[in-house]
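S.K.: Now for the letters of each chain:
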Amino acid sequence: MKAVIGLEVHVQLETESKLFCGCSTDSEGAEPNGNTCPICLGFPGAKPKVNRRAVEHAVKIARALDCEVQPRFYFSRKSYFYPDMPKNFQITQYEMPLALGGHLLLDDRRIGITRVHMEEDPARLVHVGGSISSSLYTLIDHNRSGVPLVEIVTEPDLTSSREARLFLRKLSLILEHLGAYDPGREGGLRVDANVSLEGGQRVEVKNITGFRAVEDALNYEIIRQESMADMGISVMRETRHYDAESNTTSTLRLKEQEEDYGYITEPDLVRIDVDEAWIARLESEMPELPDARIQRYVEESGVPRFQAGIMVNTGLDLSRFFEESIRLFPRPGVVANWIVTFLLKSLNYEGLSLRESKVNPETFVELLALIEEGTITERLARELIKEYVGTGESPRALVERRGLASAGRDELGEAIGEVLSDNRKAVADYRAGQTRALDYLLGQVLRRIRARGDPVEVKRLIREALDSE
Amino acid sequence: MSDHWTIDRGLVERIAKVARLELTEDEIEKFTKQLKVILEAFRELDDVDTEGVEPSFHPQELSNVLREDEATPWSWDPLENTEHREGRYFKGPRIQ
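Those protein sequence lines, which keep their order, are chains F and P.
Everything in the first sequence is counted per our numbering, starting at 1 for the first residue and increasing by one.
Everything in the second sequence is counted per our numbering, starting at 1 for the first residue and increasing by one.
Hints are computed from structural coordinates only; laboratory data are not their basis.
The model shown is predicted, which means the values in this text are computed figures rather than measured ones.
For each residue, glycine too, the CB sits at the ideal point set by N, CA and C.
A hint or two may mislead.
What the hints assert, rightly or not - Just so you have them, the derived chain P footprint on chain F, three or more residues with Cβ under 8 Å:
no. : stretch
1   : 12 to 25
2   : 28 to 39
3   : 72 to 84
4   : 190 to 200
5   : 368 to 376
The following block holds chain P by itself, in its conformation from the complex:
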């Protein structure tokens, strides 16, 4: 999967937009350079022979840690640490 993504200005701008970050011109330039270096470093992984190795999706080898379906109420005041509230509701921004 060599050149699936090329790090360029356009990609950095898109990532910033998806991550809701506002970047300055200088930052865009700086991060474009830095991300290139990072991706280059990860490219070394392409050299590893993974023939016959199971793909890994998760650091833990555990499975099936389940809980029974029982309602166990949590006793607290969920709103006590916020000033953004109205009655028993949290208050949030309007949708842009």
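Chain F on its own, in the form it takes in the complex:
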């Protein structure tokens, strides 16, 4: 049976202050309810006022997804009763959202974007003494209340959990490029997924944080619906809650009808008009997006497309790392190859992200320069990069400290001379046409120089020495 999946993606916009008030959005280390005011706690008479940067981020996101930004939009109140929202309504957008009708390309698949709108985040709840339904009471932290979110709603165009993950990864990458979203922020991307099997009722799965969890949650839900269908039980339209720890979903409530939310236009906020000039200015501020970046690496730097794709898709910090590296060491092909083949592998082995590691472009390109100038061999560099990624120590300093530089001409010449005079039988065998004798001599020389040399080059020098004897 084919799965039909649509996503509602909530992304925290990167701003200094909340959507409708001047409270800080940076609550790391802040005490609970420390970043609050009468506006974000919804006190009677408090007057919200819209954050310009949040609107501008949202417009850019809409344009990056090729949505039609509406010339005029309003905010609405969505009424519901839940402890995370003391004023009993959430300020969101409903009838007249910011933008409609776009798409995102996933290779050759076109995933429709229904709408993009802005809304405020509700409070964070701590369920004391159990799960959501079995807890004794809730503790409420309003530092998150009023933090600006953008909600991106897709058409039900996704057909598998894997595709949903790829979609989110690409979406997150675009938002990161726009500077509208920080992928390092915990809970910065939250997803509700609508899932049905062809012909069945739609189930909404809430509370999925991060894109790996989306794949897990969808896998679980699809299998659950398939087994129900197998047993001849029909799937009910409902809202289910995803529990990441057990990787299961459970009934939260039978789905309210949209009209039960009693939407009204938010009377405390005036409408927002977005004219062509404003959109044009914001578009001119928009940076290069991931697909264009990959194309540029291929066309301007001659990097193979698959390597360009890996670098860009890994995240903006790796793209910047590559760009800075080729500025310092202008051989993009070599740099890309070393990043994709060796650096990422070593980071992976150490279980580090680029951000967490002590690796930086200045020291990374030292390694490449050391190879190029012949100080170390490529083979040695492949060993050293593991140590470099682990410790962050400058490769040049590392080579010096451990005396790993390749043997110089003089040292090499001396070693070859000694080996040839100590091994006359092998020399004679070589002259008699036994090529294996040359390998023996090579081994002896490499031992003497403690392998600090390129075997091919050393072999050439031995042959030269033999010929001129």
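Given the structure of chain F, go ahead and fit chain P onto it with the hints provided.
M.R.: Just chain P now, kept in the frame of chain F:
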């Protein structure tokens, strides 16, 4: 949009449920009657000719009242007026 909603007992019960109101039998009966009268009064609006009139969503004709993105902390104790607290948290009911 004449008979999109008919006010009857079922609708009143549903509104009460969505609004988290517990109504007695008498109240349900009373409000059903009253809501019918109210809706009937609003039906008069259907007679107005609105051809060529822009729909109105908001009483204010203002637009684009925005604030710059600056963090301006509010100095207060948000918990001082509540007894429903635990440490620096507000305390709320468990989710039904």
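S.K.: Please go over all the hints and tell whether each is borne out by the structure.
M.R.: Going through the hints against the structure:
Residues of the stretch 12 to 25 of chain F lying with their CB closer than 8 Å to a CB of chain P number 8, which satisfies the three-residue condition for coverage. Counting residues of the stretch 28 to 39 of chain F whose CB lies closer than 8 Å to any CB of chain P gives 8, which reaches the minimum of 3, so the coverage claim holds. With 5 residues having a Cβ less than 8 Å from any Cβ of chain P, the stretch 72 to 84 of chain F passes the three-residue criterion, so the hint holds. Coverage of a stretch by a chain is defined here by at least three residues with a beta carbon nearer than 8 Å to that chain's beta carbons; for the stretch 190 to 200 of chain F and chain P the count is 0, and the condition is violated.
Chain P is given as covering the stretch 368 to 376 of chain F, and this is violated because 0 residues of the stretch bring a CB closer than 8 Å to a CB of that chain, at least three being needed.
The structure does not agree with the numbered hints 4, 5 stated previously, though it agrees with the rest.
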